[in-house]
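Protein chains: 2
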Amino acid sequence: MIKITFPDGSIREYEAGITSLGIAEQISPRLAKEVLAATVNGEVTDLNRAINVDATLTLHKWEDAAGKHAFWHSSAHLLAAAMEILFPGTKFGIGPAIESGFYYDVDPGEGKTITEADLVEIEKKMKELASQNVPFIRRDVSKKEALELFNAKGDHYKVELIQELEDGTISLYTQGEFTDLCRGPHLPTTEPIKAIKLTSVAGAYWRGDEKRKMLTRIYGITFPKQKLMEEYLVFLEEAKRRDHRRIGKEQELFTFSPKVGMGLPLWLPKGAAIRQTLIDFLTSLLKKKGYKIVTTPHIGNVNLYKTSGHFEKYGKDSFQPISTPQEGEQFMLKPMNCPHHCEIYNATPHSYKDLPVRMAEFGTVYRYEQSGELHGLTRVRSFTQDDAHIYCRPDQLQEEFKSIIDMVLFIFKSLGFDEFSAQISLRDPNDKQKYIGTEENWEKAEKAIIEAAGEKGLITTVELGEAAFYGPKLDFMVRDAIGRKWQLGTIQVDYNLPERFDLTYNGNDNQKHRPIMIHRAIFGSLERFIAVMIENNAGKFPLWLSPEKAIILPISEKFMDYSNNVLEILNNSDICTLIDDRNEKIGKKIRDSELKRIPYLLIVGEKEAESGTVSVRKQGEGDKGSMKIEEFIEFIRLEIKNEIEYK
Amino acid sequence: MIKITFPDGSIREYEAGITSLGIAEQISPRLAKEVLAATVNGEVTDLNRAINVDATLTLHKWEDAAGKHAFWHSSAHLLAAAMEILFPGTKFGIGPAIESGFYYDVDPGEGKTITEADLVEIEKKMKELASQNVPFIRRDVSKKEALELFNAKGDHYKVELIQELEDGTISLYTQGEFTDLCRGPHLPTTEPIKAIKLTSVAGAYWRGDEKRKMLTRIYGITFPKQKLMEEYLVFLEEAKRRDHRRIGKEQELFTFSPKVGMGLPLWLPKGAAIRQTLIDFLTSLLKKKGYKIVTTPHIGNVNLYKTSGHFEKYGKDSFQPISTPQEGEQFMLKPMNCPHHCEIYNATPHSYKDLPVRMAEFGTVYRYEQSGELHGLTRVRSFTQDDAHIYCRPDQLQEEFKSIIDMVLFIFKSLGFDEFSAQISLRDPNDKQKYIGTEENWEKAEKAIIEAAGEKGLITTVELGEAAFYGPKLDFMVRDAIGRKWQLGTIQVDYNLPERFDLTYNGNDNQKHRPIMIHRAIFGSLERFIAVMIENNAGKFPLWLSPEKAIILPISEKFMDYSNNVLEILNNSDICTLIDDRNEKIGKKIRDSELKRIPYLLIVGEKEAESGTVSVRKQGEGDKGSMKIEEFIEFIRLEIKNEIEYK
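First to last, the sequence lines map onto chains X and G. Per my numbering, the very first residue in the first sequence carries number 50; after that it's consecutive. Per my numbering, the very first residue in the second sequence carries number 50; after that it's consecutive.
For the record, the hints were derived by calculation from the structure and aren't laboratory data. Mixed in with the good hints, there may be bad ones.
Pairs count within a copy or across copies, as identical chains cannot be separated in the list.
Computed list of lysine-lysine pairs in DSS-like fashion (alpha-carbon distance at most 27 angstroms, straight line) [claimed, not checked]:
{"#": "1", "residue 1": "K274", "residue 2": "K176"}
{"#": "2", "residue 1": "K690", "residue 2": "K677"}
{"#": "3", "residue 1": "K192", "residue 2": "K634"}
{"#": "4", "residue 1": "K341", "residue 2": "K645"}
{"#": "5", "residue 1": "K289", "residue 2": "K598"}
{"#": "6", "residue 1": "K362", "residue 2": "K598"}
{"#": "7", "residue 1": "K161", "residue 2": "K246"}
Keep in mind it's a predicted model, so treat the numbers as computed, not measured.
Whenever a hint applies, use it, and build me the whole structure from the sequences.
Below, the structure written as structure tokens:
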């Protein structure tokens, strides 16, 4: 008998040689129907692999990433099987599961192509094969046997892969007529694969090397139930509708220019206004929370980054150093703001009474991303962090964490992110020597974070071994309106840079001490955050963030003078207002303005011009009645105040 | 007889061969005593040079730059003559007049040095030589003769210079025993040089080449009257007292770090606050004037600058291009914002009805300055322009100029620059082919500038031939509190970039047209402007620019709770306030706060705590009486409003 330990800590005994699926069947037939893969002693495996020793066991259903992974990986094999039948002679590259679905890179042979039009037929064949309910059978083979098999098939991509593997580590999976080189794990059979959709076709160089052959990459996604597929397609549609790249273009928020460079956003006036409104919002919070705002250049001498260690980290794969006419002098685009802030800390002496020093900057940093990785505002090559560094005494760490958590929670609430999760990353308790900083400081810091999170009522997960080598941290993830998770806030203790920059303060013992440094960002990147805001709000911003608050719609040309008057008063009151001076019917003007998502429409006709009022209509809500100009100004200011008031 | 035309247009006849000095003597003995040099037919010459043809003549006294130049150039020769007597064997490099005074680069010989301690003795010798009243005698010589002379003297620096000159262009000047290679012009005699001061000694490479010998540069200044010297020394002291580098350090406004890099300012919190206040001030003006604010990255692909022509202009001597891991891809730190703005213009279509498009950005640009050229905030390697570009139709040019002139005048007035001058730079009428753009557009633009300046009542000087090849311009210079002139605003028409970037708008004829582009900056560089503000105000900023508005001074610890309360209310009302919580006597607290130049001191004792008031003292003005907190907030807001209200 062997002992199996379940995730809840319970232990049961089974005959040696039982499979995970066997165990699931003994627990309940329903579980056995739903389970897709298993983690046995820390390793994800096939459900039908025999267990011969005592083990910990986690059974994975669709809800688990490991369950989905096995499901989609098996679906990739199904795709290949269908290709082999429909397009004989196709050679196969690799076919992994990805975050949403799977792909397979195939080579249909000289002169042949696979297009989107072919996908329907392939899908049909996959469904037919899946419904045959054939098992996935694993076989460990020698390198020689594997080479013979794929050489015989003429599958030279697989042969190339096998040649790089070590003998004794090679396995094959077969379902029906199709056999693939594969580590697994896979589903027990094709049966659970009920809903299948091939989503797109793209080109992909073999092994990502642009000097090698361009293969055809077929993307797909599958589900165990048709209903899940339908939900997914609705989600995709919704995500597309909210795509910040499309909305950014439609609403003229930002643009990219190949001449300026990919991944370098140009903020058009309305986008720049949103960006500035967010900066102003954060700035007013920062001031209330005792931060001092500094401004530093976007470049620094390479020696600065050699001191900080960033040169080693970002040097090779990033923007290369900038030479000057003077020999031996080199600068770098800054990959981080912290070295500059450490130099500011060092510019003046500090006493224990002056701490904490809270230094904030909307600091732009530069990271070189491969062009293929760039994506709208979420993956760019220059982005502006809402960065801050706090230099404090060890005894102040917990209070600082609490204060930052307060800020994070207030901001999430103000911006409508009601669902979020938090993770505390601590040291690996079994490998303490790999971390910099004293044992005492680490213990204090980890305790400070845990207690601060507890006091603020955060529900956190704690991850051991996830801390950086230079300190523990607390990260926040928010859930957007369609359920996607985005990593936003991060609070990070750092024992490293204070050493590297020799930062000190005078203690009350009149001795020099090292301050502790905290890195913290709440949005992380303004660019990415605005993308999240656009997608979360589907382009309809709350009033305070709307770059244009109102539009005046004169009923006819007669009221243009009065309208222009109103326009000037509103704009001078910092309420950015437009005017629709076209010679159009008022109905059309209203419809067009609604389409432009301008929050308030101000209709102006005879009655309004005579009484010094405007007829107010709110986007999506309709008539709000007639108001004097001053009343409308107060009305809109109150609404903005209610949206973002700091409590 | 020859005809001499004077600057006022009057013409008189003289015997051929008369000198400028002779003419001055005929006009008045007093004039002859004061005149230092003359411009004859456009060329500045010695007073004792014979005039043999009809000529225009301007006589230069001390007040003219040309007069000072001859005076100081002659003084440099006097310095060399003194050196030759006191330090025999000294070899001479070059000895020009500069903006304030003159210098001479000398080589005292192997192992010998000249130090500040030697300057007194040299000064004494110069005075002695000057009082001998010897003439400066010019002699044109052949190259051969010049070489023989200086070879015989062993003056190899002069020999090197002569070797590069063309025969027939070489002249020598002799006063007393000393002869120098020189183009002139010089004073007739040493007599006018009455007040002499040698100011400093520095090292300077021969011909600015760091691979060649380091010579000793001796700086000096001279005046025709002792009183002028005394005024100059007072001015120097005053300039030193106002030096923004010293004040910036004392008040903790900004700093430089060798690790970050020379010429790259790090703005400390108080400096960053001043910078932001100026940005906010300009932003609110920009919005009222119909500008749209955009934000662009600090780098751009080199192709962008090849398109704009800036690569050619800034490429070689500046920060070098930034390579990336991708082959053939190169970026540059932006030397100018305009190419980015042109790409934004091109991002959306434009109709004649949408123009003018007024695009503004506080855009940071990078220019490589030699380390020796760097000077505090006035010569830096990265600076932020209050940049804007206006894209308009030809018929809108004049209105746009008027609107910009209004802005410039308002800003000068708000910031206390009451004295300024303006210069209009037009084409060289004799060399029209060197300018880009049509004859019609140039005529219109030049007329528009002249008329706009006229309508706005500007007193301008017009300079022909000073326009850039791409368009005419209007520049503003302000005079600061101690009489120094600073170039600030510039408004520049550009026909070039619209061509290079193929900018268009749809005309009402439904055809594509080229917009005209206007570059305009008012501060020019925020960094430089803040330096000017610091020096103009001697570090005492007007209230609205003061980073800290008030400091609370509790009379004793008993009133700390109430004081902290007041502190929070004021800071939450955006009135940046400090507290002096030291255990010191109130008298000392007041004195210390006055030294720190904080505008308002708020004294808090029993009476104030009980009545919810503060006792207000204004820096430099004294007691303002007791006020409720809310009253004080209104009081300070009103003062700020009065300082910068836009009328």
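Going down the list of hints, with the structure as the test:
| no. | hint | verdict |
| --- | --- | --- |
| 1 | K274 <-> K176 | within (13 angstroms within a copy, 104 angstroms between copies) |
| 2 | K690 <-> K677 | both (20 angstroms within a copy, 26 angstroms between copies) |
| 3 | K192 <-> K634 | neither (78 angstroms within a copy, 87 angstroms between copies) |
| 4 | K341 <-> K645 | between (38 angstroms within a copy, 19 angstroms between copies) |
| 5 | K289 <-> K598 | within (26 angstroms within a copy, 50 angstroms between copies) |
| 6 | K362 <-> K598 | neither (45 angstroms within a copy, 43 angstroms between copies) |
| 7 | K161 <-> K246 | within (22 angstroms within a copy, 89 angstroms between copies) |
Consistency note: the structure conflicts with the earlier hints numbered 3, 6.
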